[in-house]
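Novice: Based on the hints, put chain B in the right spot on chain A.
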Amino acid sequence: MSDTSTDIQSTETGTAADTAGTSSDAPTDADAVAPSTADRTGEIELAVDGLVKRFGGITAVDGASFEVEAGSITGLIGPNGAGKSTTFHCITGIHQPDAGTVAFQGQDITGIAPYQCADYGLVRTFQIAREMANMTVLENLMLPAKHQQGEALWRSVMPLARREVEEQERELLERVWDTLEFFEIEHIAEEKAGTLSGGQRKLLEMARALMTEPEMLLLDEPFAGVNPTLEQKLLEHIHELRADGYTFLIVEHDMDLIMEHCEHVIVMHQGSVLAEGVPGQVTSNEQVIEAYLGGEV
Amino acid sequence: MSSTVNADRRTQLESLWEHDAIKIIAVISAIYIVYALIGLILGYSLDGIVNTLRRMTYLIAVYGMVTLALNLHWGYTGLFNIGVAGFMAIGLYVTMILAKPADPGGAAQYAGLGLPMPIAIIGGVVAAGLAGLVVALPALRLRADYFAITTIAFAEIVRLGVTSDALQQFTILGAELGTGGGRGLIRNYDDPMNVIFQLEIFSSFVDLTNSLFGFGPTQARALAYSIVLVIVLAGIYWLIQRTSRSPFGRVLKAIREDEEAAQSLGKDTNMFKIKVFVLGCALMGLAGILWRFRRTGVTPEAFRPHVTFYIWIALIIGGAGSNTGSILGSGLFVAVLFEGPQYLRRVIDQLVAIGDAPNTFAGAVAPLLSANPVPLVRYTFAEFLTLQFVIMGVALILLMQRRPDGLLGHREETAAAIPLGVRPSAAGGGSGGGGGSGSGGGFTHGQTRDQHDDSDQRTDGGIDADAADAQTDSLQSDISDSSDTNGTSKTSDTTAQSDDSATDGETL
Chain A
1 MSDTSTDIQS TETGTAADTA GTSSDAPTDA DAVAPSTADR TGEIELAVDG
51 LVKRFGGITA VDGASFEVEA GSITGLIGPN GAGKSTTFHC ITGIHQPDAG
101 TVAFQGQDIT GIAPYQCADY GLVRTFQIAR EMANMTVLEN LMLPAKHQQG
151 EALWRSVMPL ARREVEEQER ELLERVWDTL EFFEIEHIAE EKAGTLSGGQ
201 RKLLEMARAL MTEPEMLLLD EPFAGVNPTL EQKLLEHIHE LRADGYTFLI
251 VEHDMDLIME HCEHVIVMHQ GSVLAEGVPG QVTSNEQVIE AYLGGEV
Chain B
1 MSSTVNADRR TQLESLWEHD AIKIIAVISA IYIVYALIGL ILGYSLDGIV
51 NTLRRMTYLI AVYGMVTLAL NLHWGYTGLF NIGVAGFMAI GLYVTMILAK
101 PADPGGAAQY AGLGLPMPIA IIGGVVAAGL AGLVVALPAL RLRADYFAIT
151 TIAFAEIVRL GVTSDALQQF TILGAELGTG GGRGLIRNYD DPMNVIFQLE
201 IFSSFVDLTN SLFGFGPTQA RALAYSIVLV IVLAGIYWLI QRTSRSPFGR
251 VLKAIREDEE AAQSLGKDTN MFKIKVFVLG CALMGLAGIL WRFRRTGVTP
301 EAFRPHVTFY IWIALIIGGA GSNTGSILGS GLFVAVLFEG PQYLRRVIDQ
351 LVAIGDAPNT FAGAVAPLLS ANPVPLVRYT FAEFLTLQFV IMGVALILLM
401 QRRPDGLLGH REETAAAIPL GVRPSAAGGG SGGGGGSGSG GGFTHGQTRD
451 QHDDSDQRTD GGIDADAADA QTDSLQSDIS DSSDTNGTSK TSDTTAQSDD
501 SATDGETL
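The listed protein sequences derive, respectively, from chains A and B. So that you can map any letter, position 166 of the first sequence is 166 in full-length UniProt numbering, and since no number is skipped, the others follow by simple counting. So that you can map any letter, position 391 of the second sequence is 391 in full-length UniProt numbering, and since no number is skipped, the others follow by simple counting.
Don't read these hints as lab results, they were simulated from the structure. A virtual CB, placed ideally from N, CA and C, is assigned to each residue, including glycine. You may find that some hints are simply not true.
Computed, partial: chain A to chain B, Cβ under 7 Å [stated by the list, open to error]:
(1) Val52
(2) Asn134
(3) Glu139
(4) Leu153
(5) Val157
(6) Leu160
(7) Ala161
(8) Glu166
(9) Arg170
(10) Leu173
(11) Ile185
(12) Glu190
(13) Thr212
Which chain B residues face chain A? A few, computed with CB under 7 Å, are given here [claimed, not checked]:
(14) Ile231
(15) Ala234
(16) Gly235
(17) Arg242
(18) Val251
(19) Asp258
(20) Ser425
Bound conformation, chain A alone (with noise of 0.2 Å):
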């Protein structure tokens, strides 16, 4: 939680607002989503501390905090009923924690609705795709960018005003075949999004979420239900897009895979943190082998 990180928040919402415009650029693939965030690897993206969650009597999550680094791929797992989920709710606004602090970016935002959570920067996948089934793909991309003068009533009904949402909506359909090209889901564009397989929901909810222009992706079990191939290219999109400089905080069961890909692990269980660390050190602690692992590994 470093108080620097706000300095370096403002000149990237300048930037941010600059690359709108960049897709007259070649859509080569890395530049197709366009980074947004100067490299600031190593400084902590998201610090959550104490957080506590009370449904009734239960408590889903109790006193869980971690940090996520900036940059970083950082895996969240734990056994079913952990409070990985809730704890993701907590951190983009759709639960009020009961207590604790979330700060992204060093700026607190805790408790704040789920829609200032994504003007943060800051957006999440559901673990069941929530695609608008009944708009096309192009329709579902779209909805999320920032700023667009349209979604003001009256911009969209006078015509004068109208000749601008038209020439800002060319700039956003730009930006969507970029990202649709880049999750080369092309073929689909016209499709409604209900009509789509379950893997293709995966790819479009990530697409969406990235057309918000975020600095920071929750992606709640991104990889259930994916067939290994398409495993394999969601993974590849998300090296590449980290290494475009967005931070990924994933939940995930599949241990290879978290072992394989990500820099850190916390391990949750019983809605507290039990332990943390880089892949190897998590799987040898004894309490994580006993909580999650089943003892065998």
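Specialist: Quick look at chain B alone, frame taken from chain A:
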């Protein structure tokens, strides 16, 4: 040879049918023709027939306005508003109270504020919008079904409120006002359409209708009023089309699909819901005003809940989510379900001698025992208007079973200010082929776009997998050169293209 010509003609007709304006005109014309024939069968004179059509137009226009507003609530945003009648009532009552003369012209009358009609109308619309705000603020936190209960409760509160003795006559800030309670309000202000009727040009309109249809001045006025309503309907259609085909409309659709996901993508969904609810309620208020502000008076009875359900039936017929469908649905609802039964009865009466019906249901059923169905048929026929509700119910059930999406609900009405199918840079390369890129590249771009247009027309906005594939294939191959070389010429080209498409979307 002739078969290909026929096929051509058919595709031509089909592509013509894709235009929303054509759909609306075709359906309304069909309704006109059927009712003109009915008029002929019933032996109406020309002015009678034209007057029947005028009445249909008036009803379709008013129902169309409210259905469009409801489509904005339910079809786009998924707000389950079953309090439509309440918002219409507020619009009309406020307008009448504002417009009625401050000095009541007799013991039977209640005073108003005596404001000029345009201000009174604006006041009514604003009041309906504010009522929407009052309902929306607490209620939008509720889940869909509880929200629905809140809205219908609100509508009933409004209706019972204007009926109550307490509001029959009241004083506010020193001004004597009143809703008239159960007796209602009498229109004792000038005909609001006088602005038009007193124009000099209007007298020639009266002469014209007189020479064409044999209309008297009253009928000519009614006709002019219906025309005004159609113009207002066109305006509301335009407004809602713009609203829905925009980033704003996109968020509305996202709220309908998955509000929580929309929030997690950074959309302040509550603000959008409040805005759209207020807008829709204001439009319902306007429709309520235009529906009845020229009549001799209004009673609370006019705003019983069935009005709301009529609007819902019209929306379901047309297909929730489609603005064009809302208008078609209103047309079919009015022509077939609302006015249809009584005209059908008259036609049957004209063509077949039915005879006297028994007075009681028992009297109608008892002869069945002696295998004599005639009294029952006569009785049913005499009670035909009551059957209207049964017919509506049956029609609704059939519709939900056979075509739950309504006429046009299945259709994709893209929520964006520009057409999305084609990548702007690729399309720009096509129309600006002579510019930076080689002529070969320009050609393929142009082809790509044509292909896309074709697929649009063929599939009614749905997805034609082959065409889409072909399109993306050629797109992919073109992207590398187009985006490199055409970077600068892109903007002006795409502007020209969007102008075309924008006007397409707006025609009615």
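Novice: Take the hints in turn and mark each one as holding or not.
Specialist: The hints, checked one at a time:
no. : hint   : in the structure
1   : Val52  : 22 Å, violated
2   : Asn134 : 6 Å, holds
3   : Glu139 : 6 Å, holds
4   : Leu153 : 5 Å, holds
5   : Val157 : 5 Å, holds
6   : Leu160 : 13 Å, violated
7   : Ala161 : 11 Å, violated
8   : Glu166 : 5 Å, holds
9   : Arg170 : 5 Å, holds
10  : Leu173 : 6 Å, holds
11  : Ile185 : 10 Å, violated
12  : Glu190 : 5 Å, holds
13  : Thr212 : 5 Å, holds
14  : Ile231 : 18 Å, violated
15  : Ala234 : 15 Å, violated
16  : Gly235 : 11 Å, violated
17  : Arg242 : 5 Å, holds
18  : Val251 : 6 Å, holds
19  : Asp258 : 5 Å, holds
20  : Ser425 : 6 Å, holds
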